Amino acid sequence: MQPTRTQTEKRWLLWPPLAFFAIALGIPMAMLLVQSFDRGGGAFVEMFTMSSFTAALLRTLVMAAVVTVLTTLIGAVYGLAIWAAPRWFSGILLAWLMLSLWTSIVVRTVGWMLLEIPRGAIYWLLSSLGLVEEPIELYQTALAMYPAMVAVMLPFVVLPAMTAMSSIDREQLNAAVIFGAGPTLVLRSVILPALMPALISGGVLVFVMSLGFYVTPLLLGGPANLTVSGLINLQVNTLNRPDLGASMSLLLVAATVVIYLIADRLFKVSEKWG
Amino acid sequence: MHRTAAPGRNRNRSLLGLAGAAALAIAMAGCSTPAAEGETSGGEVVFADYGGPTNESRQIAYFDSFQDETGTRVVSASLQDAIMYSMLEGEEGDYDLIQVSSDSLIKYKENLAVLPDGVPRADTFPEEIQDYAVGGFLIGITQGWLTDTFPDGGPQDWADFFDTEKYPGKRAWPGAPGSYDASFELALLADGVAPEDLYPLDLDRAVAKLDSIRDDLVFYESYPEVQTLLSTGSASIAVSVTGQFTALMNQGLDVTVQWNEAFLSPNFFVIPESAENKEAAYELATWLADGERQAVFTERTFYGPANEATFDYLPEDVASKLPGGPGNDGSLYFDEQYRADYLEELTSSYTEWLAG
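First to last, the protein sequences are chains V and Z.
Per this note's numbering, the first sequence starts with residue 1, numbered consecutively.
Per this note's numbering, the second sequence starts with residue 1001, numbered consecutively.
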């Protein structure tokens, strides 16, 4: 807050982002709403009578929860490692993370596929070490799918975690050690309290974003891992039922908003971003 | 219903077609509307397809020469579902020729133009779609493998495909929701149903048969993954559109394609009744049915020709690799009417089986 600026000046600054969201979010949402009533609005009821939809919805929620827990745990460790490592090594860790963030998700998914298929790169490595002879049974299992999804989401936990860690005063750590705190106590009473808000806001972000996963679970986890997004694609592109696709999309958006609002009420997420 | 892939030849028809086209061209010259802008005399005709190499091959084999010869501009449009469906439902739109599937043709027949007598029909296509289908080709859906995989000869039919003792290894299988292709049909054939008794499909029986092999399947989301799965040896057999096997052959790999009990699926344009340039579209339809031009298209794409006459212009080694080609006997056709009527049931059954 700059005391020299007046309230009106600051409000004026809000207009460009508001206009942007009105166009980029408002119009598509309005069109979805119109489309979902294409056949009289029965789609909102119909989708809940489809066992493929209710199953996909449950599957998507479980999947997002698993990804969130795994990503938060691994992200915390990764963030701590970047913070604690010598400068050259934390540079490498960070570069890895950014490189994966900048690579298209489709490219990365195909990369995982080439690793994980029965006679892919992992098989090639293991067999040249003499460890396996038969093709490996990894591709299109849960074990093949979660690492890829966690890798996609990792930056969204690690980056806020790094920011939080950099705000810890090193003198505070020194003080804790001087007063006789062991590593566990330092972690529990100095590091975790600083890290926790970042992990929670990162976790909420990851959960919400994971609700939109489509290609990665379908390809690497197999068709048994069809998500709501995949089902929406099916309605629109194969079955010519844009009304069903639109109402499923609206439900997904609504679920996202509700989950975010609950998380915000519980954890004050929005105050922790920025 | 199903039948084998080689009905009799009919060359008189294409001659007749040329005459018809000439007559049309004269008629059109008489009443042509002033060209919108520039030198072309005969207006334009708009076709909508999915782009890519097929579109490119169409331009080279058919449209460039048509444009030069007739002065009618051929405009390529990237197919938009919304425009397609509204035209299929009888409304106005920008397209004159639209690439649709057989089930869409059957479903929306009353809003499609019946080809005039002068336009030659696609004589390798099932009878019930011949009066509407324009500029077509045949796609094969079947099993194929790297020849080395089974030195003593590979699976001969779908029953062999399900025999994982005799022919071990994973099978690459369509895994995108709704991509059931020939899945139900081939499961029933493997389970002992005779080709002529396939329809109406016994979905419960088909699904039970599919369940029996599920653990031996590796699923692909898009067709090109078939090439990766086969060439790495991750899958020993693949069920796929035959274009993927052709692509592997083009990379120098020795691939065996099993044409016995392969399903042939016609691919084509239709002319909606509401099209603006119907006369020009009929003229183009005749142009597309020419054997010599189809041979150019076929050699680029390795799709099966829509007209038997095309085989007269193809070298033996090309023809023998084509859906419906000489020696590739035992192919079957889908019952497109049934598949159109039961589109939603088939899609939801397959999606549920995939997700199960």
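Just so you know, not all the hints are guaranteed correct.
Example chain V residues on the side facing chain Z (calculated, C-beta under 10 Å, incomplete) [to be verified]: (1) 74; (2) 90; (3) 117; (4) 211; (5) 212; (6) 222; (7) 240; (8) 242.
The hints are simulated quantities; they were obtained by calculation from the structure and are not laboratory data.
Computed from a predicted structure; not experimentally measured.
Even for Gly, the Cβ is constructed at its ideal location relative to N, Cα and C.
Which numbered hints fail = 1, 2, 4 and 5
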